[in-house]
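> These protein sequence lines map, in sequence, to chains A and B. Per this note's numbering, the very first residue in the first sequence carries number 1; after that it's consecutive. Per this note's numbering, the very first residue in the second sequence carries number 1; after that it's consecutive.
If you're looking for bench data, these hints aren't it; they were derived computationally from the structure. A couple of the hints might just be wrong.
For identical chains, the list gives no copy identity; a pair is met inside one copy or between any two copies.
Within a straight-line C-alpha distance of at most 35 Å, the following computed DSBU-like cross-link-like pairs (lysine-lysine) qualify [claimed, not checked]: (1) Lys-668 <-> Lys-613; (2) Lys-4 <-> Lys-494; (3) Lys-668 <-> Lys-418; (4) Lys-186 <-> Lys-309; (5) Lys-4 <-> Lys-657; (6) Lys-668 <-> Lys-610; (7) Lys-613 <-> Lys-189; (8) Lys-189 <-> Lys-668; (9) Lys-485 <-> Lys-186; (10) Lys-143 <-> Lys-610; (11) Lys-418 <-> Lys-193; (12) Lys-637 <-> Lys-309; (13) Lys-610 <-> Lys-309; (14) Lys-668 <-> Lys-4; (15) Lys-293 <-> Lys-657; (16) Lys-610 <-> Lys-658; (17) Lys-668 <-> Lys-143.
Protein chains: 2
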Amino acid sequence: AKVKVAHDAWSGWVCVLLVGCATGAFAAVIDVGTSWMSDLKEGICLEQFWFNREQCCWAVNDTTFDQNACSQWYSWSHLFGVSESSVFGSYMIKYIMYVLWAMVFATLAVMLVRVFAPYACGSGIPEIKTILSGFIIRGYLGKWTLIIKSVCMMLAVSAGLSLGKEGPLVHVASCCGNIFSYLFPKYGKNEAKKREILSAAAAAGVSVAFGAPIGGVLFSLEEVSYYFPLKTLWRSFFCALAAAFVLRSFNPFGNDHLVMFYVDYRNAWYLVELIPFIVLGVFGGIWGAVFIKGNIRWCRYRKSSNLGKFPITEVLVVTAVTAILAFPNPYTSDYQRNLTDATTDFTSANIDSGVTRAMWQLALALVFKMVITVFTFGIKVPAGLFIPSMAIGAIAGRMIGIGMEQLAYSHREHYLFKEMCHSGHTCVTPGLYAMVGACATLGGVTKMTVSLVVIMFELTGGLQYIVPLMAAAMTAKWIGDAFDKEGIYDAHIKLNGYPFLDSKEEFTHTTIAADVMRPKRTEPPLCVLTQDSMTVEQIEAIMRETDHNGFPVIVSAESQYLVGFVLRRDLSIAISSARTNHDGIVSNSVVYFTNHVPVNTVVGGPEPLKLRKILDMAPVTITDQTPMETVVEMFRKLGLRQTLVTHNGRLLGIITKKDILRHIAQLKNQDPDSILFN
Amino acid sequence: AKVKVAHDAWSGWVCVLLVGCATGAFAAVIDVGTSWMSDLKEGICLEQFWFNREQCCWAVNDTTFDQNACSQWYSWSHLFGVSESSVFGSYMIKYIMYVLWAMVFATLAVMLVRVFAPYACGSGIPEIKTILSGFIIRGYLGKWTLIIKSVCMMLAVSAGLSLGKEGPLVHVASCCGNIFSYLFPKYGKNEAKKREILSAAAAAGVSVAFGAPIGGVLFSLEEVSYYFPLKTLWRSFFCALAAAFVLRSFNPFGNDHLVMFYVDYRNAWYLVELIPFIVLGVFGGIWGAVFIKGNIRWCRYRKSSNLGKFPITEVLVVTAVTAILAFPNPYTSDYQRNLTDATTDFTSANIDSGVTRAMWQLALALVFKMVITVFTFGIKVPAGLFIPSMAIGAIAGRMIGIGMEQLAYSHREHYLFKEMCHSGHTCVTPGLYAMVGACATLGGVTKMTVSLVVIMFELTGGLQYIVPLMAAAMTAKWIGDAFDKEGIYDAHIKLNGYPFLDSKEEFTHTTIAADVMRPKRTEPPLCVLTQDSMTVEQIEAIMRETDHNGFPVIVSAESQYLVGFVLRRDLSIAISSARTNHDGIVSNSVVYFTNHVPVNTVVGGPEPLKLRKILDMAPVTITDQTPMETVVEMFRKLGLRQTLVTHNGRLLGIITKKDILRHIAQLKNQDPDSILFN
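Isolated chain A, as found in the complex:
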């Protein structure tokens, strides 16, 4: 018994350890693959074609890493022999190969998704949120989804599309969580327990995406998980840390993850800079609202029009447009460089001609990124949203940062800037603005709060910039909330019609259960069973005529006191197995849900069918006078799917999760039927 208890206690830890390691390993493979394929767009390592550029050059010359002095790495223009002869020709070859490879990668990605795992497309976070709220989507976290999503993620990112890896990595981690939980019966056989593992896995996903274990845990807590029991906090943290550790061990070149936005300057910021930071926050909030509206409208159009029938064409068009427009601009041509460049110091502020050119390129990159991201999120390849959102913010932030730098430099003697520019240092750190901008846009799009700020800390290592980051994130959230309180994930949940009861929104109306329950006054009475007077035939007829998932059982038609609740599935299995296995059970056998079958059944009559063991004797009930506020709270906190409504012990009706969602939509003056349930 002691061994069993210990095994029980440790199985959770072992399970999250396995999930963390698997997630780290998948992330490492994905990273290596992505980096190789991204470089393939530019050239190839002739001797060892499986090396990416960095490894190729390292292999040749292992003391210094010089991008130019690398004899083994052949760019495509060089391979085709036009490298020396013509600058224009060389550029065109590069351009064409870049677009071509992008198209190849994108085609492969969308084909694989279409053929093998339709669930592998998109971000996955809306679906995982829904799953964690108690809804089951069969196959969504299966092994095929896992494999295809991993492969297609590499392809999609390498294709240079405006998408990131964090959402898909969360999905991949959740798949690992789902698969490993079957090794431990305690978790595999209990959906509620399994969701604890999935919460931890989601934390690991963000952890490997950004090298931010604490941020990952908070993301899982704040954004993904519906109900996050505190005892899983530590396990999630452990899982996230294991994943980050494995990733770092497997992929020594991949430490750009941990420092993707790393700021190694410790320059102070000044109070007057809060003004541009808040401006960035406003930009982030507005952009978030615009993005959500635009993206949802485009996705709805895709669903309702013919466009939805040509997903492959759509992906190819988006890829072609992205590749053709992205290549000429240094700020958009490369997935990795884009971000790191946009945050680190790269230009000395006082040379004016370079600055003007950079500003133009940045402005073009910003517009391009903004437009293309709206159309990219939702195409049928794995697509995360963090990186493009942050890139947009970083570009905007860098522009404002360069502007501030120019302003401060040219008004060096002004009393506002005097302190900033003393002692010949750079006056302003544009990289800090990029970081703040990234935080603001990501906040506007996802409506994350604390987890966002913590992820930014861990991403940048800039613990001293808490106030700028907070100010921007908070402004972004407030401005965004003024337009619409929904984040992009909630908007997509609603778009797809998943039965998700938001646990953040407050229910403040004064309606009571009697207003919401069915049957309404004009509807036919509730479909119920009696505990000891219905025949097998009658029950079968009821099951044929209705499609409810379960039926309340009452004392008798005259005395409608509630006895229990029986699930349709259990009932149909029990009746059909009784019919086949017991000769005595015929159509007019009486079904008993009671404990004692009366002895005075008709002698020679049909054998009674005892079904007490499938009866749920403890259904959750409320009275008809219960305020809906309380009912909604019970649904959220107890994870209910339905509750029975009684008055003085008599059964009156039923309220399901869908009834509540419909009621909330009605109260918001939305058309309740616009909420599709699939």
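Given the structure of chain A, go ahead and fit chain B onto it with the hints provided.
Quick look at chain B alone, frame taken from chain A:
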């Protein structure tokens, strides 16, 4: 209406902003006061006696701060004129003054607590946990408690007792939260809403104690709050940040808060060092278990013996012992220096004689701290536990660190240490060991997890030491849990018999509601009211004879279907007001809880009393077959105080929170009556 909605939405933000600012201001005052009084033990600033030493010396010489060249600061030995004449005399004067001032401060503190606010003693966190779980302790968060706790906290810390400020600061912050919530009716009038403000306030308390806003939020989430709705996450963060910001603005000298343990080295750690880190974790876990056992046993002895009658004497004895033993040892004589010294690099490792002396002093300090802390936590002054716990760990960590340093230095060529000692740097960073040790002991004592690691990050700024900190914290928790799963706060909650239903512990037994509910089979039937057949007199008799907090109302004595639940308080107010204000209401008036009073009441008979409006028509009910696991979950998540038990709509009994606590104690083979409820 729009204004009202906006006001409603903003009132929460304004309230937490005020709470944050007030907490920051209180913390600033407490810091300044503590620093002044602590320095008073050593000397005085003659010109401006209200300056502490640092300010005194700054005022004299504002370009450099040199401890010796400060003419305005007079040490007591100097004032008494024995400074030059005799080294021994000077030392004795210093010693006596140190002890004397400590006694004065401690006496003042305990007197103020005794006379003005008995609730101001202790840490406050167990009580706040209980309050946040739904229990009400009147006056615990009042203004007198706030003022006295603030003053006495300064006195107690200045007295040099082995206690810290974080628990009392959480209490002070919660008092601010409680007081400010009355400015906003939405929060002041609704206990559940007020608890949201209190959760945010608790975060602010930790934030000002350590300058760790994120850690504060996580502490509130993980340790203090019973139910932490996610929408308050952001507000708590805002509150914590506001508090930290105000503290820093008010108290420019007090930035030692933010860097109390600051490590500015970035030395790498090596995999082999994980062994001593895990040893520290084991030490932390064992120490936590020993401390909790010892402290609880001592507190129980205090409660049950005569000792409890002499709180003032106890405080004086503890203070005298602490002061007399602490003064000679440089590691224990000063509150601030102790900690910072214990983590920063201070001794060059290769000088052997100094090391031996330091080791001896550290060992003595460790033993002294360990013993005195057990007796200090629980005396009748405000007392926090974080700082002493961390100090113990930091001392132990530094000892192991110095040991490792010696080992590595003397075996420089050994393959294990070769990498560590290359290129003439110090081989080992003892400060890092101190930090890890502090983390381990605090983890062992409080059983905190993620919040602990985050607080350590924010305290030390060492984001790269996540793995050492995690390893130590996790080992400490696992080892500690092997002894007892309770943290010190939970142990004190149980000691004081607060009705607190732990939300972390899993309830795994297979009992059902019928086993727990009252009345048991042998007990008299449940005390109920009927909806339309009892007279005023009968109800008054029932209320006289019983002391239940409320009564279920049923249809009639023959048909025991549940109608609703009425609170004793409402009932007694309603009846007595009816008796005084309505002449028609006499002893044999019939009380009606129904909607319609039948018209065929006896003509000329007494006027009926209608009490439907005080009837709760939506009491939470469960069936007698409900598994207790589900019942416990409902109590925790819905914050219930009681639930009614029915069978087929008929009322069978009632389960209160105390019944559940008693049941859990029984299942654990504890004597259920040992759980006192006061």
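> So, against the hints stated earlier in the document, which numbers end up violated here?
3, 4, 6, 10, 11, 12, 13, 17
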